[in-house]
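A.B. asks: Order-wise, the sequence lines are chains A and B.
Quick note: the first sequence, position 44, residue 44 per this note's numbering, numbers continuous.
Quick note: the second sequence, position 385, residue 385 per this note's numbering, numbers continuous.
Think of the hints as simulated: they come from the structure by calculation, not from any bench.
Each residue gets a CB set at the ideal place from its N, CA and C atoms; glycine is no exception.
One should not assume that every hint holds.
Chain A residues, not near chain B, derived (Cβ > 12 Å throughout) [said to hold, decoys possible]:
{"hint": "1", "residue": "Leu58"}
{"hint": "2", "residue": "Leu68"}
{"hint": "3", "residue": "Ile73"}
{"hint": "4", "residue": "Ala78"}
{"hint": "5", "residue": "Ala85"}
{"hint": "6", "residue": "Met92"}
{"hint": "7", "residue": "Ser112"}
{"hint": "8", "residue": "Leu118"}
{"hint": "9", "residue": "Glu157"}
{"hint": "10", "residue": "Thr173"}
{"hint": "11", "residue": "Leu210"}
{"hint": "12", "residue": "Ser220"}
{"hint": "13", "residue": "Glu228"}
{"hint": "14", "residue": "Phe308"}
{"hint": "15", "residue": "Glu313"}
{"hint": "16", "residue": "Ile332"}
Here are the computed lysine-lysine pairs in the DSS-like style, where the Cα-Cα straight-line distance is at most 30 Å [as the list claims (entries may be wrong)]:
{"hint": "17", "chain 1": "B", "residue 1": "Lys200", "chain 2": "A", "residue 2": "Lys38"}
{"hint": "18", "chain 1": "B", "residue 1": "Lys350", "chain 2": "B", "residue 2": "Lys314"}
{"hint": "19", "chain 1": "A", "residue 1": "Lys77", "chain 2": "A", "residue 2": "Lys38"}
{"hint": "20", "chain 1": "B", "residue 1": "Lys311", "chain 2": "B", "residue 2": "Lys350"}
{"hint": "21", "chain 1": "B", "residue 1": "Lys189", "chain 2": "B", "residue 2": "Lys311"}
{"hint": "22", "chain 1": "B", "residue 1": "Lys59", "chain 2": "A", "residue 2": "Lys140"}
{"hint": "23", "chain 1": "B", "residue 1": "Lys201", "chain 2": "B", "residue 2": "Lys184"}
{"hint": "24", "chain 1": "B", "residue 1": "Lys184", "chain 2": "B", "residue 2": "Lys59"}
{"hint": "25", "chain 1": "B", "residue 1": "Lys200", "chain 2": "B", "residue 2": "Lys108"}
{"hint": "26", "chain 1": "A", "residue 1": "Lys38", "chain 2": "A", "residue 2": "Lys70"}
{"hint": "27", "chain 1": "B", "residue 1": "Lys201", "chain 2": "A", "residue 2": "Lys38"}
{"hint": "28", "chain 1": "A", "residue 1": "Lys77", "chain 2": "B", "residue 2": "Lys59"}
Facing chain A, from chain B, some residues (calculated, C-beta under 7 Å) [what the hints assert, rightly or not]:
{"hint": "29", "residue": "Gln144"}
{"hint": "30", "residue": "Val192"}
{"hint": "31", "residue": "Ile375"}
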Amino acid sequence: MMTLAELAYWQSTSLRVVGGFAAVLLMAGTLVYLHLFKLVSFMQSRLGPMETGPYGSLQLLAEVGKFLQKEDIFPRKADRFVFAAAPFVVLMSTFLLVVVVPGGPDAWFIDSDLGIYLAMAVSSVSVIGILMAGWGSANKYSLMGGLRATGQLIAYELPLILAVVGVVIQAGTMNMQGIVLAQADGEIFGWGAIGNPFILTQFVGLVVFLIAMQAELTQSPFDMPVAESELVTGYMTEYSGMRFLLFFIGEFATAGVFSAIAAVLFLGGWYVPGIDSDSNAFNVIGPLVMLGKVVFVSFLVFWARFTFPRFREDQLQRLAWKFLIPIALVNIVATGILKVAF
Amino acid sequence: MTDVSDRQQLSYIAAQAADARVNLEIESEGMTLNLGPQHPATHGTLRIIVRLDGEQVIKADPVMGYMHRGYEKLTEVRSYPQVTALVNRIDWLGSFANEVPFILAAEKLMEVEAPPRAQWIRTLLFEMSRIANVVLFLGDMAVQVGAVTPVFFAFRDREHILNQMEAVTGGRFHPNFDRIGGLKDDLPKGWVDETRQVMKKMRRFCDEIETLVMGNEIFQARTRGIGIIPADVGLSYGLSGANIRGSGVDHDLRRDNPCGLVHDQIDWKVWTHPDGDSFSRFWVRLQEVRESTLMVDQLLSDIPAGPIMAKVPKIIKVPAGEAYVETENPLGAMGYYIVSKGDLVPFRVKIRSASFSNVSITPWLLQGVYVPDIISILGSLYFILGDIDR
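For reference, chain A alone in the conformation it holds in the complex:
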């Protein structure tokens, strides 16, 4: 069997591009259907879409078709270039994020030793896109939303990175593939049947990561920047048609990619106990295992999103600086000490 490395450059690159699009779009579609259409409908005692396809499974295509038909409206005073480019910048950060996530021992986009570091760095690119959208719309609500988003994303970047540090210390590598293998081959006090998923040792880190992730995704209870009931979806107010669709895909794809990163860092990535971690089978079932874990983690995200009211701007800043960052720092220190001790 040929591996990716043996293919010509253009072949492997096109495979990766197709894979990247599939990873982002299919994941976003899965999350929208499973969570936004169905999970939330059941939470709110309604059925969700039922008419298009079996159990409304083709509703997504209908929605995409609807958005593509809509007029692409530019506000008269908008900064046209910035306004037009913003959704692409936001989506770009999602695509940059997905490249570090491995789907199997050989199914990866880039195998970088800076993996998680790169992910944390490019995740901030979306801030620029959101600020561009807020500023370019020439709308006061959008501007406020953009500024709120910037403040919030910068504040929560820190606990996010600090939560990752604990994992990196424990795995001894920043390579995402290495982190998966460290969990797959790890042992819990000499018992290695299920490996050592870092959810057990880094539980505090996982909680901090999930909370900070929720804020990075601007999902409720941290959805002050998009706040439908006050800022009328903030920086997205003026967007319509295809550009709104890009924001929408970006929102859910980023939720999926962050869930994937959380799955890699804390839940063992593509590894499931019972199969040898060098087995070729993981190149096939690995992506499916990842998808399952992504659905699980993003379920937590959307569960919280549709349950909680939102924090006020000052309250969410206080949560980040006074609680999450100190907890994450303590976690790092404790992890470091235990790493040296054992």
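Got chain A sorted already, so can you dock chain B onto it with the hints?
C.D. replies: Structure of chain B alone, referenced to chain A:
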């Protein structure tokens, strides 16, 4: 030709000058944010011009009248029985309650009294429309602070109440059921037992909201200590209903002025909360829904027998005179001042609606708060646009 264009030019200049005057008044440093008329938090078409310094409000001016439908004027060309179809639409969530004070005022002028059974059922439907109205507030307030799910529960359970209203009156939103001298019809068979079950469901809904929304730490952080209305300020702005009871004023027209309704014959309690903030207004409303379900249970258990219509002429002519009746409607005190000249139609009807006074406190209340709190405060004041503009 030149005349017209000159006139156009002049009117244009006048309009510009008027705009500039408005801008001078409102705009200085900072940003002027136009909250509404099209804004999800304003329940329709209330417009609030907010001057902001950063995210802090310096000045807030509510602009009302975008939904003015001229009901006061329209009543002057409608016969008395026709007016109920109009006033139904004032507070469209608890519409039966709108008819009651008008009918009571007309009855007062005509010096007829509805038979006990009619009064009893009237009170019953009055309280049910209160539940139908305030239940939606309980869900909607959660939406205002960002939780989307409770409002679906509110709509789901409000459906039961609307079904019961429909079974009696034939109308879900606009019953148009009250008549001068009684009611249009009697209760349908089996309705009493069904309604008891519905009241149980509503109490369960209240428990759900209590744990899901009121007990939530984020909800409390967003509403406690926000938008505090001291009792004296609230009274001076003419606040009524749960808004003033949330400030600790023990004022309820159902108990203080029980005209034509039978609230004085049943056992219930007026809820007040001393804090006066957004949370206390929510709390009071939640307790009131619960109290109303208990009231409905009591009312159901001993409805007196008898006719539902007093003896009134076929063609209703109200004798000359003036009458004012105010009742405790879901949104607060609502009153009708009817001036009659002995005609088929009222000479003049003045409608005192609760939301108009409740919203008039916003310039005072919104000073110095942050933008997110504008929304939660407006939500907690609970106005309905039809009730503001009429």
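A.B. asks: State for each hint whether it applies.
C.D. replies: Tested hints:
Every CB of chain B is more than 12 Å from the CB of Leu58(A) (nearest about 24 Å), matching its label as outside the interface. The Cβ of Leu68(A) sits about 26 Å from the closest Cβ of chain B, beyond the 12 Å cut-off, so the non-interface label holds. The non-interface label for Ile73(A) is consistent with chain B: the shortest C-beta to C-beta separation is roughly 16 Å, beyond 12 Å. Every Cβ of chain B is farther than 12 Å from the Cβ of Ala78(A); the closest lies at roughly 18 Å, confirming the non-interface assignment.
With a least CB separation of 25 Å from chain B, Ala85(A) remains clear of the 12 Å interface cut-off, as annotated. At roughly 29 Å, the least C-beta separation between Met92(A) and chain B is larger than 12 Å, which holds for a residue marked as non-interface. The Cβ of Ser112(A) sits about 38 Å from the closest Cβ of chain B, beyond the 12 Å cut-off, so the non-interface label holds. No Cβ of chain B comes within 12 Å of the Cβ of Leu118(A); the nearest lies about 33 Å off, and the non-interface call holds.
Every Cβ of chain B is farther than 12 Å from the Cβ of Glu157(A); the closest lies at roughly 22 Å, confirming the non-interface assignment. Annotated as non-interface, Thr173(A) keeps its C-beta farther than 12 Å from every C-beta of chain B; the closest such distance is 38 Å. No Cβ of chain B comes within 12 Å of the Cβ of Leu210(A); the nearest lies about 16 Å off, and the non-interface call holds. A Cβ of chain B approaches the Cβ of Ser220(A) within 12 Å, the least distance being about 5 Å, so the stated non-interface status is violated.
The beta carbon of Glu228(A) is not kept farther than 12 Å from every beta carbon of chain B, the shortest such distance being approximately 6 Å. The beta carbon of Phe308(A) is not kept farther than 12 Å from every beta carbon of chain B, the shortest such distance being approximately 6 Å. With 12 Å as the threshold on Cβ separation, the claim that Glu313(A) sits away from chain B is violated: the shortest Cβ distance comes to roughly 7 Å. Consistency note on Ile332(A): stated as away from chain B, and its beta-carbon is indeed over 12 Å from all of that chain's, at 27 Å minimum.
Only pairs whose Cα atoms come within 30 Å are accepted, and Lys200(B) paired with Lys38(A) is accepted, the gap being roughly 29 Å. Pair hint Lys350(B) plus Lys314(B) holds up; C-alpha atoms about 26 Å apart against a cutoff of 30 Å. Of the pairs offered as hints, the one joining Lys77(A) and Lys38(A) is violated, with about 39 Å between alpha carbons and a cut-off of 30 Å exceeded. Between Lys311(B) and Lys350(B), the direct Cα distance comes to roughly 27 Å. Compliance with the 30 Å bound is thereby established for this hinted pair.
For the proposed pair Lys189(B) and Lys311(B), the alpha carbon gap of about 25 Å is at most 30 Å, so the pair holds. Our distance criterion of 30 Å between C-alpha atoms is met by Lys59(B) and Lys140(A), whose separation comes to about 17 Å. Annotation: proposed proximity of Lys201(B) to Lys184(B) holds, straight-line Cα distance about 28 Å (limit 30 Å). About 49 Å separates the Cα atoms of Lys184(B) and Lys59(B), which puts this hinted pair outside 30 Å; it is violated.
The hinted pair formed by Lys200(B) and Lys108(B) fails the criterion: a straight-line CA distance of about 36 Å is larger than 30 Å. Note on Lys38(A) and Lys70(A): the hinted pairing holds, with a Cα-Cα distance of about 25 Å set against a maximum of 30 Å. Between Lys201(B) and Lys38(A) the alpha-carbon distance is near 25 Å, which keeps this suggested pair within the 30 Å criterion. Of the pairs offered as hints, the one joining Lys77(A) and Lys59(B) holds, with about 26 Å between alpha carbons and a cut-off of 30 Å not exceeded.
Hint on Gln144(B) holds. Least Cβ distance to chain A is approximately 5 Å, under the 7 Å limit. Interface restraint check for Val192(B): the shortest CB-CB distance to chain A comes to about 27 Å, outside 7 Å, so the restraint is violated. Look at Ile375(B): its Cβ gets to within about 4 Å of chain A, closer than 7 Å, so that hint holds up.
Checked against the numbered hints above, the structure breaks hints 12, 13, 14, 15, 19, 24, 25, 30 and satisfies the rest.
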